[in-house]
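Starting from the given sequences, assemble the full structure and let the hints guide the process.
Number of protein chains: 2
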Amino acid sequence: MKYPTALQTLIDKLSNLPSVGPKTAERYAFYLLRQSPDRLKSFGQAISELQEKIIICHNCLSICEQNPCPICSDPARRRDVLCVVENIQDLNAIESTRQYDGRYYILGGLINTISGVGPDDLNIEKLLRTIKTGEVKEIILALNFTLEGETTSLYLTKILKDRLKITRLAKGLPAGSDLEYADELTLANALKYRSEMTK
Amino acid sequence: MKYPTALQTLIDKLSNLPSVGPKTAERYAFYLLRQSPDRLKSFGQAISELQEKIIICHNCLSICEQNPCPICSDPARRRDVLCVVENIQDLNAIESTRQYDGRYYILGGLINTISGVGPDDLNIEKLLRTIKTGEVKEIILALNFTLEGETTSLYLTKILKDRLKITRLAKGLPAGSDLEYADELTLANALKYRSEMTK
Numbered sequence: 001m002k003y004p005t006a007l008q009t010l011i012d013k014l015s016n017l018p019s020v021g022p023k024t025a026e027r028y029a030f031y032l033l034r035q036s037p038d039r040l041k042s043f044g045q046a047i048s049e050l051q052e053k054i055i056i057c058h059n060c061l062s063i064c065e066q067n068p069c070p071i072c073s074d075p076a077r078r079r080d081v082l083c084v085v086e087n088i089q090d091l092n093a094i095e096s097t098r099q100y101d102g103r104y105y106i107l108g109g110l111i112n113t114i115s116g117v118g119p120d121d122l123n124i125e126k127l128l129r130t131i132k133t134g135e136v137k138e139i140i141l142a143l144n145f146t147l148e149g150e151t152t153s154l155y156l157t158k159i160l161k162d163r164l165k166i167t168r169l170a171k172g173l174p175a176g177s178d179l180e181y182a183d184e185l186t187l188a189n190a191l192k193y194r195s196e197m198t199k
Numbered sequence: 001m002k003y004p005t006a007l008q009t010l011i012d013k014l015s016n017l018p019s020v021g022p023k024t025a026e027r028y029a030f031y032l033l034r035q036s037p038d039r040l041k042s043f044g045q046a047i048s049e050l051q052e053k054i055i056i057c058h059n060c061l062s063i064c065e066q067n068p069c070p071i072c073s074d075p076a077r078r079r080d081v082l083c084v085v086e087n088i089q090d091l092n093a094i095e096s097t098r099q100y101d102g103r104y105y106i107l108g109g110l111i112n113t114i115s116g117v118g119p120d121d122l123n124i125e126k127l128l129r130t131i132k133t134g135e136v137k138e139i140i141l142a143l144n145f146t147l148e149g150e151t152t153s154l155y156l157t158k159i160l161k162d163r164l165k166i167t168r169l170a171k172g173l174p175a176g177s178d179l180e181y182a183d184e185l186t187l188a189n190a191l192k193y194r195s196e197m198t199k
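So the sequences go chain by chain: H and G. Note that this note's numbering numbers the first sequence so that position 47 is 47, with each residue one more than the last. Note that this note's numbering numbers the second sequence so that position 170 is 170, with each residue one more than the last.
Since the hints were derived computationally from the structure, they do not count as laboratory data. One or more of the hints may lead you astray.
Remember, identical chains collapse to one label, so a pair may be satisfied in a single copy or spanning two.
[To be verified] Cross-link-like lysine-lysine pairs, in silico, DSSO-like; alpha carbons within 27 Å at most: (1) Lys-161 to Lys-137; (2) Lys-23 to Lys-41; (3) Lys-13 to Lys-53; (4) Lys-53 to Lys-41; (5) Lys-2 to Lys-53; (6) Lys-171 to Lys-23; (7) Lys-23 to Lys-13; (8) Lys-2 to Lys-41; (9) Lys-41 to Lys-13; (10) Lys-2 to Lys-23; (11) Lys-137 to Lys-126; (12) Lys-158 to Lys-192; (13) Lys-132 to Lys-165; (14) Lys-53 to Lys-23; (15) Lys-137 to Lys-171; (16) Lys-126 to Lys-158; (17) Lys-161 to Lys-41; (18) Lys-2 to Lys-126; (19) Lys-161 to Lys-171; (20) Lys-158 to Lys-137.
Just so it is clear, the structure is predicted and the values come from calculations on it, not from any experiment.
Rendered as structure tokens:
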């Protein structure tokens, strides 16, 4: 044991954080060791009580402090469009554009045959129940353009396309991009999904 | 506020860790959100109670769980050699060589005129008192070979050299190094401090 038990225990726990190795964990622990006892207490408490203060919105399955969440309970939000996202980070990314006034639905993951994540592991059942009310007229699939995202989008389209309109985010060149450095697939998509200038 | 208060509070606190930005803090927070309540509780507690369980060794000023620390209270450790290091990380680095059987002394920093760290900010007074007993015959300065480390080594040599033998770690080429890629200063030092082959 290199360090006192309390310190080593903390280093081990910090090493479990994503992409944190023992050296980084040590740096974090020594930073914490220099903090005032009050700051340490409130930091520790923020972790201990994290889950107690967070609930899941029964509508969109997003994490929140009240049920339904602020977006679901906002009367200014359209009820006829539902944006399906993988997680709350993606929800926030779309919210930050300030261009979407509909509601969201958190899928909770993407189909990944290699890791063994199938449709049953996602929040699809609840999505089907939400659609059954007939209130939603369009579903926007806002999933990553990766193998997992595309597989999930195709799967959802297959089971939902007879019931309502399904759209997905546009494929094309990112803003400010240089054609010379764009990868072939992106450029091919930009060409395939080109739009008329009059629009 | 992008996230529920409890989550955002934790993200803010995690962002204060060294070289952790808001994106990394978010990743850590979402990792924590997925842990079991028991794991979260013990993690939080490890942080909250960190300082309560750690004390400072009255001899070497290292952090430990008992006073004096295991090294200072080890009778097999020589009492006539004292290795002066900046912090406990450097102490551990030297311990890991298994080549040193003396004791340590934690300086707690290095003189840094730019950041305004002077000799009075380091644990020098206690070092002088330790030396006064006459037990220590040699002080090994094991400080970084940086501007701050060299300044501190020179300062300590100046105030201690009349009382006992002062040595410092060897300067030279690192193990496994290629002369072609060594920087000039390292190579100049390796030449200057060359040793006889018979030794």
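Status of the hints after comparison with the structure:
no., hint, in the structure
1, Lys-161 to Lys-137, "within (11 Å within a copy, 85 Å between copies)"
2, Lys-23 to Lys-41, "both (24 Å within a copy, 24 Å between copies)"
3, Lys-13 to Lys-53, "both (22 Å within a copy, 16 Å between copies)"
4, Lys-53 to Lys-41, "both (17 Å within a copy, 13 Å between copies)"
5, Lys-2 to Lys-53, "between (36 Å within a copy, 16 Å between copies)"
6, Lys-171 to Lys-23, "between (41 Å within a copy, 25 Å between copies)"
7, Lys-23 to Lys-13, "both (13 Å within a copy, 20 Å between copies)"
8, Lys-2 to Lys-41, "both (25 Å within a copy, 25 Å between copies)"
9, Lys-41 to Lys-13, "both (17 Å within a copy, 12 Å between copies)"
10, Lys-2 to Lys-23, "within (13 Å within a copy, 31 Å between copies)"
11, Lys-137 to Lys-126, "within (16 Å within a copy, 76 Å between copies)"
12, Lys-158 to Lys-192, "within (22 Å within a copy, 76 Å between copies)"
13, Lys-132 to Lys-165, "within (14 Å within a copy, 86 Å between copies)"
14, Lys-53 to Lys-23, "between (32 Å within a copy, 22 Å between copies)"
15, Lys-137 to Lys-171, "within (22 Å within a copy, 74 Å between copies)"
16, Lys-126 to Lys-158, "within (17 Å within a copy, 76 Å between copies)"
17, Lys-161 to Lys-41, "neither (52 Å within a copy, 45 Å between copies)"
18, Lys-2 to Lys-126, "between (50 Å within a copy, 24 Å between copies)"
19, Lys-161 to Lys-171, "within (20 Å within a copy, 72 Å between copies)"
20, Lys-158 to Lys-137, "within (16 Å within a copy, 82 Å between copies)"
In this structure, only the earlier hint numbered 17 is contradicted, and the remaining ones agree with it.
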